[in-house]
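Participant: Here are the chains, one letter per residue:
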Amino acid sequence: MDKILVGLKRVVDYNVRVRVRSDGSGVETDGVKMSINPFDEIAIEEALRIKERGDANEVIVVSIGTSDAQQQLRTGLAMGADRAILVETADAVDALTGARVFQALIERESPDLVLLGKQAIDDDNSQTGQMLAALWGRPQATFASTLVIEGDKATVTREVDVGLEIVEVDLPAVVTVDLRMNDPRYVKLPDIMKAKKKPLDQIPLADLNVEQAVGIDEVKFEPPMERDKGVIVEDVTGLVAALNDKGLI
Amino acid sequence: MSKILLIAEHANGILNSSTGKCVACAAEIPDAEIHVAVFADDGAAVAAQAANLASVTSILVVDNPANANLLAATLAPQVVAISAGYTHIFGPSTTFGKDLMPRVAALLGVNQISDIMEVIGSHSFKRPIYAGNALVTVEAPADKTLVATVRVASYQAIAGDGSANIDAVTADTELPGHTRFIELQAGKSDRPDLQTAARVVAGGRALGSEESFDLIFKLADALGAGVGASRAAVDAGYVPNETQIGQTGKIIAPELYIAIGISGAIQHVTGIKDAGTIVAINKDPDAPIFEIADIGIVGDLFAILPELQEAVSA
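Order-wise, the sequence lines are chains E and G. Take any residue in the first sequence, count from 1 to its spot, add 82: that is its number in this note's numbering. Residue 248 in this note's numbering sits at position 263 of the second sequence, with consecutive numbering throughout.
Bound conformation, chain G alone:
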């Protein structure tokens, strides 16, 4: 039997949807008992949300003023302190989980599996490498704790009809003071979150300026879509870093993805391969984005976008 501990991701009292996706992955492991750990200064609200996740039987709440901001250096020893008896420890492959989980693995003296996209067996998984240009089936030793991150774009969040027990636990360990949170500059946006949006509109370097990117925002708003960008558009300063899609940005899987003025470098394409339908708008008929697009339109984005926005608003 597998006993799996998931580390919850949350902010401002709200459980991040990445946790429900990790549960969906863990639930594919045969004969698994799934627990979720909530590290917070006051984790009651997050624990109540986590308790609703189907397949989860127990929520462990570790309240500590030091957990007001989730720093890997202070969290990792606490995760280790409550990890006895677990066969697996999972976190999401978001920046939160990518930062934390290898630190946990090293403290436990084990290697880590990054970005699980498919469960083959309790210790065997499939994951992408080389920007998704190859998939590898990996096997972890069965006699050691298995630490992994889950590629959240590969999973739908599990249903919210569960009723897990909630228990307060203490993580008995010394916490380092060498790393201090200063501030979070979060992008303010009323638009759907890029990683959970059903529709995403993204722009690239061809937009040419921060002002022109307004065309992307307008189309996104007409569609009720989230907004993304290629690395080139972020590097050029048209939009902030949190909008970047690709190998080193966000991996997304919306039902509809519209790439506008994005050439489609492999590093970008790996971030959108799981989208339901990919639409490409580009003036270069040879742009690689057309190789993976379901629907393509060759032309000037500055002419196409206003027309498209009007058509979908009608």
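With the rest of the complex left out, here is chain E:
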């Protein structure tokens, strides 16, 4: 195949314990470490492995957001992507509008495969890949743990609730990746230097003529309910007694 398009979202790093602002207006993101959504990092890695096997010519990483997302795109380039596209907007982008942005880029780039993370760890929506596949009228293989390309088809193993489901899809297709697909590579310093010279196109969202979808309003944020403080028991006898007290055994 020729091109693989990979989506990459800038999110609060997975190690950060997120706090809700005291006025309920959102979660605190000021001064918080930002990273590539971990699932998207696995998607980049998979695209690079496909290219390195000789099954693709070009890997393009794409992000939607403010110019800050250049940082994550540069990381994708340092991992080995050939070029990057940043669709710039200062506004929050809902899932359907995001899918429409990818659809507009697909019309420009005609990729054979779009690889996305199965969900972003900020909004935990798990929607964009499925929506894109619907708009594009192409197959979707979500929650993928293995991906085998054979000519104009792909065989995908999906992690589903009861086990593993194997599907075959015609290309082009959208594949959203799960955690066990691969272990993303570490970026080395010379690669970071090299990545600075790779092309990074910035396209204002308005230039893509994408119809803005009606969003879901986020009215109020609150912290989750805290659980009551528990007890530490000394031994198994104490544990069994505590479980008995609660009528659990």
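FYI, nobody ran anything at the bench for these hints, they're computed from the structure. Note that the structure is predicted; figures quoted are calculated from it, not measured. C-beta atoms are modelled at their ideal positions from N, C-alpha and C, and glycine is treated no differently. Hints are supplied without guarantee of correctness; some may be wrong.
As the list claims (entries may be wrong) - 27 Å max Cα-Cα, derived BS3-like pairs, lysine-lysine: (1) E:LYS328 with G:LYS203; (2) G:LYS129 with E:LYS302; (3) G:LYS268 with G:LYS203; (4) E:LYS328 with G:LYS268; (5) E:LYS302 with G:LYS258; (6) E:LYS278 with E:LYS115.
Stated by the list, open to error - Pairwise CB distance ranges, derived in the manner of DEER restraints: (7) G:ASP269 with E:VAL114: 20 to 28 Å; (8) E:LYS278 with G:ASP206: 53 to 61 Å; (9) G:ASP206 with E:ASP173: 47 to 55 Å; (10) E:ASP265 with G:GLU240: 12 to 20 Å; (11) G:ALA29 with E:VAL313: 49 to 57 Å; (12) G:PRO161 with E:THR148: 34 to 42 Å; (13) E:GLU232 with G:GLN170: 15 to 23 Å; (14) E:VAL230 with G:GLY162: 16 to 24 Å; (15) E:LYS235 with G:GLY(-2): 43 to 51 Å; (16) E:ASP234 with G:ASP152: 38 to 46 Å; (17) G:GLY284 with E:ASP265: 26 to 34 Å; (18) E:VAL230 with G:ASP26: 25 to 33 Å.
Got chain E sorted already, so can you dock chain G onto it with the hints?
Facilitator: Leaving out everything else, chain G in the frame of chain E:
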């Protein structure tokens, strides 16, 4: 008035309990008329089970050989084809519903609400974000079809004393052939299903090997419990992927949850926060799992587990 269409999840002629949980959520919407759609090659048996769900007035059965395996790409256009007149379309936040519902939403040109955990009003709901570290109240536009998934761990399945009408309907639409089901490798287990079990015993990386995980199975069997695992244990290959609990695995709400050798990363904790009682067994007294455990015991799991198994078997 709200007219709600739920997409039934089923396999091998058995209705999945996630459907009854979706009904429980939909029934909290004021003045709602609830219908359930069953897509299958022969949906009669599943429809009969769905007809028993309280609060449901109508079952729509869409029989089609193409529905022998439920693929989002073939189901989504059929859902859209029968969706006229409905204000809401709901599915479960299982891998089935997560795969299907956004495809339906995009075909309808609307955004989707994922993981409803509480109904505030007909178009207003509460849902978790950031691995459950924040909850957000969301409002969907009232003039558009509302597509959503229901966080099944937040609801008990509705009672089974209903008697809905069952009608065969056809979904008049062209189905794509670009996605083909090959096979399902389902884990074989006689133990209670992780997502519905009243008790769950789960193991983590500290088990150290696939063989040692046998200690978890033995304790689970002594308790009649389902078996779960942390991501680390699944990544290490001790147990298959369907046992993973957490942000990206299963969200569960058993009465009793026993976490063994699991440190308690936020991504794991979000999957067990709704458990009635959480027990943690870990040798590290500073493990974060103790922050949310109701009962904790600090010590070597290899010494504790055989003793505990014997005590609960007695």
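Participant: Are any of the numbered hints broken by this structure? If so, which, sorted upward?
Facilitator: Violated hints (numbers, rising): 10, 15; every other hint is consistent with the structure.
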